[in-house]
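Asker: So the chains spell out like this:
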Amino acid sequence: MWRHGRKRPAMTESRPILETRGLTMRFGGVVAVDNVDFSLAEGELRCLIGPNGAGKTTFFRCLTHQYKATSGQVFYRGDDITGSHTHQIARRGIGIKTQVPSVFDGLDVRENIWLSARRNHKDREANRVVDEILERIGLSHLAHKLVGQLAHGERQGVELGIVLTGDPELILLDEPTAGMTHEEVHRTTEMIREINRTASLIVVEHDMQFIKAIANKVTVFNQGSILVEDTMENVLKNQEVRDVYLGKREVA
Amino acid sequence: MKIALDLKSWNTRGLIFVGVLMLALLFAGPQVFDLFVLLKVILFVSTAMLALSMAFIWGFGGILCFGQSAFFGIGAYAYAIGVINIGESTVPILLSVLVPAAFAMLLGYFMFYGRLSDIYLAVVTLAVTLIFYAFMRSTSGEEYRIGNARLMGFNGISSIPEFNWPGYPNSPLWPDDIFYVATTLLILVYFGLRILLRSHFGRVVVAIKENETRAEYLGYDVRFYKTIAFSIGAGIAGLAGCLFVSFNNFINPDVFALGLAAQIIMWVLIGGVGTLVGPMLGSLGLQMLYNWLGTQSFVSFLNTYLVFGAIIIIFVLAVPQGLQPTARLLALRFLPFTRPPEEADVAARAKAAGDD
Chain A
1 MWRHGRKRPA MTESRPILET RGLTMRFGGV VAVDNVDFSL AEGELRCLIG
51 PNGAGKTTFF RCLTHQYKAT SGQVFYRGDD ITGSHTHQIA RRGIGIKTQV
101 PSVFDGLDVR ENIWLSARRN HKDREANRVV DEILERIGLS HLAHKLVGQL
151 AHGERQGVEL GIVLTGDPEL ILLDEPTAGM THEEVHRTTE MIREINRTAS
201 LIVVEHDMQF IKAIANKVTV FNQGSILVED TMENVLKNQE VRDVYLGKRE
251 VA
Chain B
1 MKIALDLKSW NTRGLIFVGV LMLALLFAGP QVFDLFVLLK VILFVSTAML
51 ALSMAFIWGF GGILCFGQSA FFGIGAYAYA IGVINIGEST VPILLSVLVP
101 AAFAMLLGYF MFYGRLSDIY LAVVTLAVTL IFYAFMRSTS GEEYRIGNAR
151 LMGFNGISSI PEFNWPGYPN SPLWPDDIFY VATTLLILVY FGLRILLRSH
201 FGRVVVAIKE NETRAEYLGY DVRFYKTIAF SIGAGIAGLA GCLFVSFNNF
251 INPDVFALGL AAQIIMWVLI GGVGTLVGPM LGSLGLQMLY NWLGTQSFVS
301 FLNTYLVFGA IIIIFVLAVP QGLQPTARLL ALRFLPFTRP PEEADVAARA
351 KAAGDD
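Sequence lines, in order, name chains A and B.
Take the first sequence: its letters are residues 1 to 252, numbered as in this note's numbering.
Take the second sequence: its letters are residues 1 to 356, numbered as in this note's numbering.
Heads up, some of the hints might be wrong.
Now the in silico label distances, taken between C-beta atoms and shown as ranges [what the hints assert, rightly or not]:
1) B:Y113 to A:E194: 44 to 50 Å
2) A:E132 to B:L94: 44 to 50 Å
3) B:A318 to A:D243: 57 to 63 Å
Looking from chain A toward chain B, a few residues come up when the C-beta cut is under 8 Å (computed) [unchecked claim]:
4) R77
5) I81
6) T86
7) I96
8) V103
9) F104
10) G106
11) L115
12) S116
13) H121
14) R136
15) H141
16) A143
Bear in mind the hints are in silico, worked out from the structure with no lab data behind them.
Ideal Cβ placement from N, Cα and C applies to all residues, glycine included.
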């Protein structure tokens, strides 16, 4: 019921929804993202993990043109979006949730969701969508509260609501459970599973329990490049990954 | 666009209150004030309009333009040059809005599409108004003329015809009529901005002020919205300049100088960033203070700008939100009859959203 008129191509392994080729981001002498070839299949849910400073967030920002990649390309459904502006990328149906909730703190919850709903819908329709989303994220009772006054977990919820309202086909989630209570993590897990029925997702996370609960395939970042790409089970067994996390030795 | 007229809503009551006050001023003005005061009030109305333009782009658009005086001046000169050439005031009044709006669109295009950061935007806009100041002062020569209008450099253009009845160049408006026109325009601009701020466009502009990155993530082209908002603000400032000239019959390059540029910021800062009525009252208060200081003998010891500087420091330290939000919070706190059901919520919202 969230796909308002947008055609959804059949799920095929042949054509990835998102792909990067040789994506590199340098800050002066530091190579934050180093020649990354990444591919996400239609309908897939992928987790990105890696120690702090591995380049996960920078990689995200290059995807959405928050950072202009030093070299390499990003393809969305086969189109080169490397040079597109953030708002153009967003209009293609990519929803973004940032590490620190990026919401409109000075506006109330309803207005936050409405701003997202009104982009794709006419006025009356937008109001209806807002009601639905508020119900779905369980924040109807806080509709007229300023977002800036809410608890951290609730603000995370508002941001997720904003993203869902945009009816995206690909969602980038940067640490969606950070600062959430146990119960909120549980609810978010359920919600991400539900979202995955209609959209592809890339999730950056640290919470291993959470990743186990949602992910099939995990990509491990280290020092700006992809170390391993495998199932969660195999990743946890992988000695190289253990070393990176425990810092036993440098992995080039 | 849906405009909720919920009489129980606190914002609607505030709007009605402001509307009644403004209409009272409109109809009572010429009956109550003598000619001298009436002319002063016309000046105040024009500066209130200028304050309104800054209140909009800064308080709601988050654009700290340090050179709003440039658009005021361009509007004033556009009217002056237009009316001297055409000999009739209707088209020049339109020019006074359109010329600064178009100029702001061009300037905004380079600033916003060039991703200029806020601090550079303030510097660039200040530089723009000072460039106009320097340039207009150097136009004394005979060769600086546009049609029949000589620019006259630092001496300024004098004997500028005031408004006339549309289509009747030979029947100028009396001060009473100019007062009616100016005040009506102020009311229209105020409520026009209120309607704009409730529209999709206005709500996006406010959202961009709140969080530019999130607005982009939603797919809004931030650069476009900012450029248009900036241009609307410039058009309003230009109209203020036009009213200023019509009352003064005179314009000189001092409108582009640092003094006015800084004062506009002060009006909004004192009145309350994020409100519309506050900055209008701020401009009124500071103008009256300025006039009063001019009549006092101790001013020879005490520079006017020193007093203004002290006021700024006091406000930034003691009343950082400005007059209107503070008055509103105090009213909600101490006047029981003003207290709506969800008082804490409304007070907090008033603080953040600054609706009046």
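Asker: 44 to 50 Å was suggested as the range; check whether the CB atoms of E132 (chain A) and L94 (chain B) agree with it.
Answerer: Between E132 (chain A) and L94 (chain B), where Cβ atoms are some 46 Å apart, the hint holds.
Asker: Should the interface hint for I96 (chain A) be scored as holding, given a Cβ-Cβ cut-off of 8 Å against chain B?
Answerer: holds, 5 Å
Asker: Taking the Cβ atom of Y113 (chain B) and the Cβ atom of E194 (chain A), is their distance within the range 44 to 50 Å?
Answerer: violated, 39 Å
Asker: Given the hint of 57 to 63 Å, check if A318 (chain B) and D243 (chain A) actually sit that far apart at their C-beta atoms.
Answerer: holds, 58 Å
Asker: Interface hint check: F104 (chain A), Cβ to nearest Cβ on chain B, cutoff 8 Å. Holds or violated?
Answerer: holds, 4 Å
Asker: Minimum Cβ distance from G106 (chain A) to chain B below 8 Å?
Answerer: At about 4 Å, which falls below the 8 Å cut-off, the nearest Cβ of chain B leaves the hint on G106 (chain A) intact, so it holds.
Asker: Minimum Cβ distance from S116 (chain A) to chain B below 8 Å?
Answerer: Constraint on S116 (chain A) satisfied, holds at 5 Å.
Asker: Given H141 (chain A) as an interface hint, is the shortest Cβ-Cβ distance to chain B below 8 Å?
Answerer: The hint is violated - H141 (chain A) has no Cβ within 8 Å of chain B, the shortest such distance being about 13 Å.
Asker: At a threshold of 8 Å, is the proposed contact between A143 (chain A) and chain B supported by beta-carbon distances?
Answerer: The hint is violated - A143 (chain A) has no Cβ within 8 Å of chain B, the shortest such distance being about 11 Å.
Asker: Does the nearest C-beta of chain B fall within a distance shorter than 8 Å of the C-beta of I81 (chain A)?
Answerer: This interface hint is violated because 13 Å lies over the 8 Å limit.
Asker: Would you settle whether the hint for H121 (chain A) is holds or violated, based on the nearest Cβ-Cβ distance to chain B being less than 8 Å?
Answerer: Not OK, violated: H121 (chain A) not within 8 Å of chain B, min 11 Å.
Asker: Minimum Cβ distance from L115 (chain A) to chain B below 8 Å?
Answerer: holds, 5 Å
Hint violations for this structure: numbers 1, 4, 5, 13, 14, 15 and 16, all remaining hints satisfied.
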